[in-house]
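Below, each chain spelled out in residue letters.
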Amino acid sequence: MISARGLRKSFGDFEAVKGIDVEVRRGEAFGFLGPNGAGKSSTMRMIASVSPVSSGELRILGMDPATDGPAIRGRLGVCPQEDTLDNELNVFDNLYIYGRYFGIDRATCRERAHELLEFAQITEKAKAKVEDLSGGMKRRLTIARSLINNPDLLLLDEPTTGLDPQARHVLWDQLFRLKQAGVTLVITTHYMDEAEQLCDRLVVMDKGRIAAEGSPRQLIDAHSTREVAELRFGVGEHEALAEKIEDLGERIEVLPDRLLVYSDHGEDVVTAVLDRGLHPIATLVRRSTLEDVFLRLTGRSLAD
Amino acid sequence: MGSDMASDTTSPTPSAAPARPARPTGSLSAWEGMARQYDYWLTVLKRTWRGGVVSSFLTPLLYVVAMGVLLGGFIEADPDQLEGATSYLAFVVPGLVASHAMTLAVSESTYPVMGSIKWHKTFFAQLATPLAVRDLVNAYVAFVMFRVASACAVFMLVMAPFGVFATWWGPILAWLSQVLVGFAFTTLVFAYSAWLKSEEGFGLLFRLGVIPLTLFSGAFFPISNLGPVLEWIARLTPLWHGVSLSRMFCVDQIDWALVVLNVVVLVTLTVIGWFLAVRNLDRRLEV
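Chains as they are written, first to last, in this note's numbering: chain A, 1429 to 1732; chain B, 0 to 286.
The hints are simulated quantities; they were obtained by calculation from the structure and are not laboratory data.
One thing to keep in mind: the hints can contain errors.
[Unchecked claim] The calculated label-pair distances, taken between Cβ atoms and stated as ranges, are:
1. A:Trp1600 / B:Phe274: 44 to 52 angstroms
2. A:Ala1650 / B:Leu44: 53 to 61 angstroms
3. A:Thr1495 / B:Leu60: 31 to 39 angstroms
Just so you know, even glycine gets a beta-carbon here, dropped at the ideal spot from N, CA and C.
Make a model of the complete structure from these sequences and hints.
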């Protein structure tokens, strides 16, 4: 569906994407993870065939965005990071008019618009103004709009940013249903739980490059341990105590409020800590998550 | 205005971007590209026509009454001094309609264009479909021209019973001239708005562009009154070419060589404006 080789994007002197290779297969849900400024959105815009490739090779649905842009865009659905809904149109018209841009005839457009209102659970809002919708409803409407042309490939740029937990779960549910229906999904996110929920395969991007690639499970296996022991001591003690137990795990991380010991056997770590006569205020043994991998690969410092 | 835009090199352009072919596969014909946006612009029209009635029809009629009838009542001049018009009303109406075409074209191509880029991001949404930048510009210009052409037509029809037109066919050609004024200003101002980063530039456009042009392009008095130097400057303004055409046809004092010059200037400006509009919008939307 998507094939990129040495893909680059630069704006003047600034290089947003510094040569990435990506392969997305039909029917899968593929994720781009990364902190702000990692180059995710620039990559998405190149895939959406609205931003010319600076260098490298990109093929979408077997076509070249430089020469087949309109043909590619006709088969894509795009859900941008910022809502680009028309606030002055009502909900139904946002869908109907968008469908007309794809050359879909009026009767089919109306029919599709009604179906998608059902799908997005906003049928009762059909005649409402967009500005009167909640954030979650706007997001669902944007996704509904991106489906008006029955796309082969759906691009979602941070689909759930800014939504409350209920709204996020409704959206995930809908995206899952789309995936079941055979739509290929490409998602950018910086929410690890979202990536774990939705993505079959993902890449972690950092500063315009790909830092790691694989399924969520593979990434955890490759870049973290099976478990993490979190040990909480008194404030200010963590730095000094870390030296006493650093041999217990594969890696140890000192945070202001706790120590993270990365090990395949978290309970053994806790036992060993107690055997050494140390008494943490609280302990927690948990499985490694994608978030551990992400922070390992992209660092804990702020990107911007 | 045009030279400012030509020298604009600040917008981000990708280094070594591969040359884009003139017509990508799957691109739409100019007609198809506009037809697909028909429903959009129809809903915009349905939403805005009420406000449009005031700015399109009521305001110009107030001008006619104030300037043409009330102020013009004091003006006694030979047709020689009024470029062949038999009364000041007959003199001022063709100029007023032409400058109204300009004002409408400018106001429809300033804030709304910036809004579609910056505030509502309508253009970004439209561009994620098979539509191309060229198609967006075409449909936009077509919509503004519909507004301008209908407003000028109504204006001319309303003035017909007042005996200000010398022939029945002259006003039709005058109306086409006003449409030409609309085209030139719509495309040029669209190009300016697509290039402009903040709306403060519009104040400049209105104060240094629209108002002086309205006052000094021969709409209200013959430009020969300006004296030789200012008269020549007035002749260089796009609006004067429109006023000149509109008046020649209305009062039936037609210098065909001048008609050709006026038409060529306005058509040339339209073509330049269109290319700049497409180029500037393309740069703005490529982020």
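Okay, the hints, checked on the actual structure:
As the Cβ distance of Trp1600 of chain A to Phe274 of chain B is approximately 46 angstroms, the hint placing it in 44 to 52 angstroms holds. As the Cβ distance of Ala1650 of chain A to Leu44 of chain B is approximately 58 angstroms, the hint placing it in 53 to 61 angstroms holds. For the pair Thr1495 of chain A and Leu60 of chain B, the beta carbons lie near 53 angstroms from each other, so the given range of 31 to 39 angstroms is not met.
The structure fails hint 3 only (numbered hints given earlier).
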